[in-house]
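Dock chain one against chain two, each of which comes alone in its own frame, and use the hints as you go.
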Amino acid sequence: MTLKDVSVSEILRPEDDGSSPGLAEAAQIRYLSPDNTVFTLTEGHMLNVKTGDKEHAGVYVHCSFPHTNKRIYLSIRTVENEEIGMIRSLDEFPEETQRMLEEQVELRYFAPEISKVLSVKEEFGYSYWDAETTSGRCRFTVRGGGASVKLMTASRLLIVDVDGNRFIIPHLDRLSDKEYKMVEVCM
Amino acid sequence: MDTLPKAIMNALEQHGVASDSVLCWLLCDRALENGFRDTYVLLTREELLILSHDQAPAREKTYSGYAANAPLKGLSSKEEANWELEALKVRDIDSLSIVNLVASGMVVIKTPEERAVAAFTNGGMRSAASLAKIFEKLKKSEELSPEELQHDQERAACPKCGMIYPEEGRQVCPKCMKKHAVFGRLLSFAGKYKVSMFWIVLFMLLNSAAGLVIPYFQGTLLFDQALGGKGTFAGQIGLVIGLIIAFRTLSLLFGVIFGVINAKMAANIAFDLKSSVFHAMQRLSLSFFEKKQTGQLMTRINNDATELQYFFVDGISYFVVNAMNIIGIVTVLLIMDWKLTLLCLLPLPFVFLLVRKVFPKLWRLSIRRHKRVSAMNAIISDTIRGTRVVKAFGKEQMENARFQRASGAFSDAEQSFNKMGVTLFPVLNILTQIGGILIWAFGGWKVMQGDFTFGKVMTFMNYMLMLYGPIQFMNNIMNWWSYCMSAAQRIFEIHDAVPDVVEKPNAMQLTEVRGEIRISNVTFGYEPNKAILKGVSLHARPGQMIGVVGHSGAGKSTLVNLIPRLYDVNEGEIRIDGIAIKDVSMASLRTHIGIVSQDVYVMSGSIAENIAYADPDCTLADLVHAAKVAGAHDFIEKLPDGYDTIVGTGGHNLSGGEKQRLSIARAILHNPKILILDEATASLDTKTELQIQEALDTLIKGRTTIAIAHRLSTLRNADYLVVLEHGKIVEEGTHEQLLAKEGAYYDLVKKHDEALKMNEVITA
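First to last, the protein sequences are chains A and B. Residues in the first sequence are numbered consecutively from 1, following the working numbering. Residues in the second sequence are numbered consecutively from 188, following the working numbering.
Bound conformation, chain B alone (with noise of 0.2 Å):
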């Protein structure tokens, strides 16, 4: 448990109580009115003892997470605040509960009227679900594990820094993540090609070293010797063009030489990037991709290998060898004339000015431009996909309107960002050119002074074109770092982030199964304060066939996700033939539970690569048999390429019954000892189902069966049923005991039946 502020220990002392009797507390910020107001909530064995002070709401309020390592300021005034304290026994409270508002909560109590003690915002979650269920145990007088106890109210911190994260759940250490240290992370990851790299960058300097001489050919060499008949190559025009001929080639030789070298690496670096990565996101858990944002993430993997492959490729070594042409020509430059130099290099500053200023203003106003775009085609996807709908409504003119708003939005954002560009680019353009102006003034004039030769102008004009290449790519390259460096960010958050179903470390090898299962006291929410599953227990002998019955929402699917542990347990154990899951190694244990559920996956393949997915190697006697045991073989046989049929994406299009009967065909070649149905024939037609039944009667035998089902009469061959309502188990027993109950199944048979029969009315 955290510590609790020394104010609130000295208040506690003031009044009385020892700050080590505190079992857990909370820190509810809010107060019931508007505004923030700390009141300290705290449980010891016998009291609840409320903290509150009287002083005006805080003027300042940090939530967690922000700037991650600016100190959580929760009221800028604790020290001096007078704290009253109100103990309330706990035996006198009969219950106490966290109310979930709108991104926020409340302390509720029951003394028996009840009492909204405190509220708090959402970060707070956690503990206020901690805190009710450590005081639900005390008033039961049950044992308080020291895990409860120990509750870490601190969010989890970066193990390198030790910086807490900013968001619960989602480990990625933005200081960590800082830029440096992803470059010399990706610099790492390139550490392989460092042969290649190394190839590259020297040719890519023998090009442009090769290239660099070729504007003094041009210039001094031709003019002023060949032409004008000076020097050593007075006269000789046809060694100077021989030898800027063997030049060019030279550089074209090296040019072709780099990038055949950087094909081969730019391949290999995005292949390594892409596999390391989807190889990242195969170890981690269920809920990992379940979380919305990770979705998003996914979707971008691809862009963002090909974004690093571009850093690889083209970012490390363009910048070193525009780097040293940069140096290169300014040196020749300076040796040439340095006041010269310096003069046409005179408008430079005002470039970089120029760019720096208002180059992010252009690139708000391209980014308000795609967005607006995005939103128009948004309405145009939507009316055409919903043209159904459109015209069902008669709404044509309604969707006109809403076009005409959407596209003169964009057409404003691109008026802006176009008037913008226009007069932006054109300026940078002269800027650039005055440079060269310059040179042919200053120049010129020293020409006719006699102080200069033309071909030197020449050469001078030349170097200062090349120049411009390379100087618009440092300018670019700010952009472009932080491009790459967001996307290496996103990437290695995929590689950083920790599943939340570990196995342990010694995790044993379950190999022979009997099939028993028990599930006792499971306690499963997938968010804090708003459990799912609440005090759940069964158990299954082996071959036996469990029904689980309930209203949508009751926490079925989520029961038997847990028992394969796509997610863990939060209080309670599931043991399969006496083993504790947790102990287990995930890949034996999920070898002997097979799940055939509502919405069948179809992997892109053949039918027999599908049926044979979980066990590749299987014979081609028992694929047939499995298809035939799964009321498939029928269909497959009559399909033009049988077995062979490509399916999924881009391929065959198999009906709902008939994907559902490849799934029961992989769990019958799986042949697991535990066999999980979850709702398998719910989004069947009738008779459709009628057929699938059979083959799932098929499956079940000798095999320890939980099936979920909306109609009551899959689960007629259930040698037991339970009854889930909100999460807890309310009824259980065979059909029969149940329907003599008169309880909550019979209410679900009865409801049954009557759907049933107005089914009948509606097909007669």
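Looking at chain A on its own, in the form it has when it is part of the complex (with noise of 0.2 Å):
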């Protein structure tokens, strides 16, 4: 069943932090916080984690919900995807953590946002984008039939090429009816 109409709010609720007693021990997550955590950055761009006595090098941030919102339920994990712990929000870190942490995510989940598509023509099955983005113009190839270009919230849209690189229309209320209309044919 598709919950995807169904607005983000009504599943997750961020804000609201006390989960069930009974869930949370037989869920035995371990959550960092400040306290029992220190994360630190080597010369060498990989991030190491030390949590009370164990220190673990070379660790990734996975986010839970990283469509929508990259700041909480943060998953520490090692490169075979075992989890050292998870960080129930950023805010909680000081801030040098938090942009460590940031820098991180956006290493893990690099998707270039849309801010401006220029064209997109379509074409035997595929569709060529011409698009302004946060890391500059960008063009690429996404196969057609719609499953390439995939809406994850009311307004957020996902658009993966043919390598399976992934570009991101963060708000696809807010581009133009020009814009809308040529990435509509795609959706």
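Keep in mind that the hints were calculated from the coordinates and are not lab data. In this text the structure is predicted, and so the values were computed from the model without any measurement. Take the hints with a grain of salt, since some may be wrong.
Stated by the list, open to error - One-sided excerpt, in silico: chain B residues whose CB lies under 7 Å from chain A:
| hint | residue |
| --- | --- |
| 1 | 219 |
| 2 | 221 |
| 3 | 222 |
| 4 | 246 |
| 5 | 247 |
| 6 | 248 |
| 7 | 249 |
| 8 | 291 |
| 9 | 308 |
Said to hold, decoys possible - A few chain A residues facing chain B, derived, Cβ under 8 Å:
| hint | residue |
| --- | --- |
| 10 | 46 |
| 11 | 95 |
| 12 | 136 |
| 13 | 162 |
| 14 | 184 |
The C-beta atom is built at its ideal place from N, Cα and C for all residues, glycine as well.
Have a look at this one:
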């Protein structure tokens, strides 16, 4: 059953962190807080984490809700995908750590955000996109058929190109009429 | 290997590195922060070279595949960049790995501290995987094969025009798929039906020619001559009416003849198209069907074939006839009175303009409406199929709200579509009618002046009416054309797809087989840098049973799928009786291999046909015996229709155990030397499993068997067991040896026993 058209606020209440006690015990998630965790960035751009007396080198930050909120419920994982712990919200951490972790999130979830759609040309099962993005002007190819252009929330559009590269239109409703018409045909 | 860009060659030379010493290289197009900045990672036999520059990130990026023939630009200011070289000795680096990020990858080295060297977008994954592999081989001082070094970073290109395909692994060239090329190919398809087409067009032309004279009879002859009492047909009303009837009948007759020929050709073309697509599909490899986008293609095949049928049947012939009609009518009108003709064609440019401008809008609105109605239907079907869930959680209100939203959205879309429609069409109507009004006005005035006869005005009017049909057709033709061409393109895509697993041109026939299987050092992954199997080796002697155990996702099924060559290994090889399976014809290889897997597919047809699927010419005695051995005979005999019971879609429903027994019977009858049991009993309850197990025990006698099982009890007869973990064999030996080792297998057995005990407690 798709819940796409249920607004996220209905299923997710980030401000409400009081989970049911029985459930929390059963889940056994280890939450990381500034009191028990220290993040450091090595010279080689790798993130290390020290929690309790255990130190892990080369860890990665995974977002639980990469489309709805990148700052909450971050999972810190090793390259073998073992969870070291979760961060409830970045706001709990000092600013410097926040920045460090945000950079790691950006590294992992790199997806240029489209600020202006210049042209979308559809031809023979592919659409060719030309757009201004947060990382400069990008031209890319998207497979037709609608599966590669997905509405992730009511107004956030994810576009996946033929190689799997991702692009985001963060606010579909802020596109101009002309842009929206070009995009809509591919949705 | 691709040639390095000139700027990079120069940079290397400046730093005293000979560019021909580079074994392989990777362009990392992402900065570790945000944005695009190029870093080259190059590998020579002794060193890992990192070429980077400190310019601001590029403000422009063209991903591979874009417009396909546009030059790929990684960095706009590549020439001017001041490249800095960092050289690391291979012996100082412990490892080089590629970390998968979301939609990109990162090169990480260990020296021994981990370091992120550079990141690249997804297009570089294949090159990155090959860089990591070559590095590993260098590290182990292993020999590098020429194929590994020749690894092409370039994508495959279209053999016809040399253009690079927009998408890897999907060899479709949009350029060669251009509309006229597709059209040409479609016509060649119709070549077989040239004669039919000729007759169809001829009769259509005769049909309209016969129709074309009728307005003249009805107007000028009837009113001016017969009724007006002037000219050849003065007073001869009967004759004129007779002529009208005769030409109408003639026109009708031609119409019927062309219809009959057309109907025959339509069916033939649809048949040809569908069977050619089906045929083309059958020769493709399994991976083609597993790719998501092709799944969509499949469901469209039927529609597309129908679409093309219209192209041949209605399209080509109607196009010719309508074009002739337009030319014919306009000529007649011009000859009759060119001034009046031009006058009543006056509104036509406006009609065209309006259609050009407004129709695309209307089309977009209709797409939106279509999407919204699908969304709404999805919710309806969700709620009905998921009604148990909705009710169980008491979420009726939420479903109502969800439906309200979708329904509201649809209603909005419907409204704007209809508003546009109800405005556009009357305006179009008026515009086209203006032509008629002009004839009445101008013609009427001329009649009063005495320049025109009433009959002439009538003739004019009738011709005018005849003109609008063909013009409307021509108006819609662009839409219809692109629709047809897209359908054709999808069909040709399947025609042109190249199977991944290809038979060698002079492949050997595998006749007699003893059943020895040797898998040596096999590495395989469905995607680059995501190896499912890593260096797996296995040896099964003829008649042996090998058990493969491991957690789900360890690569067990993948391993057995490689033996019948459903996929090709990336590295290493598989030999049967000492012959590499790559050298053997696929059909002969697969006659010696039988697979019984967890999900059994029952084809539509009788039970007998299903059992005899692999060997339709078997004797009835063999069929019954196979069913008996498989333990299927008894339940089949109980069915009122016995072996003739129709199963599959719409037929008798078989239980999971019954289906499994059918598939075992199928395998027994197939009588392969090599048997693969892929979780054959996993989906069955314990009691049924025991019964099936007996059948399987009979089946494996005298065959080399590779069995995968979740339930370790299934493997109690195995001569030898291997434990797979994360794509690697971590343990092997007999049951006793492995238990004594107290390793991974021991743990699995312990967990299995605990689960069994738990089961007993629950069922007790």
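Hints the structure violates: just list their numbers, smallest first.
Structure breaks hint 11 only.
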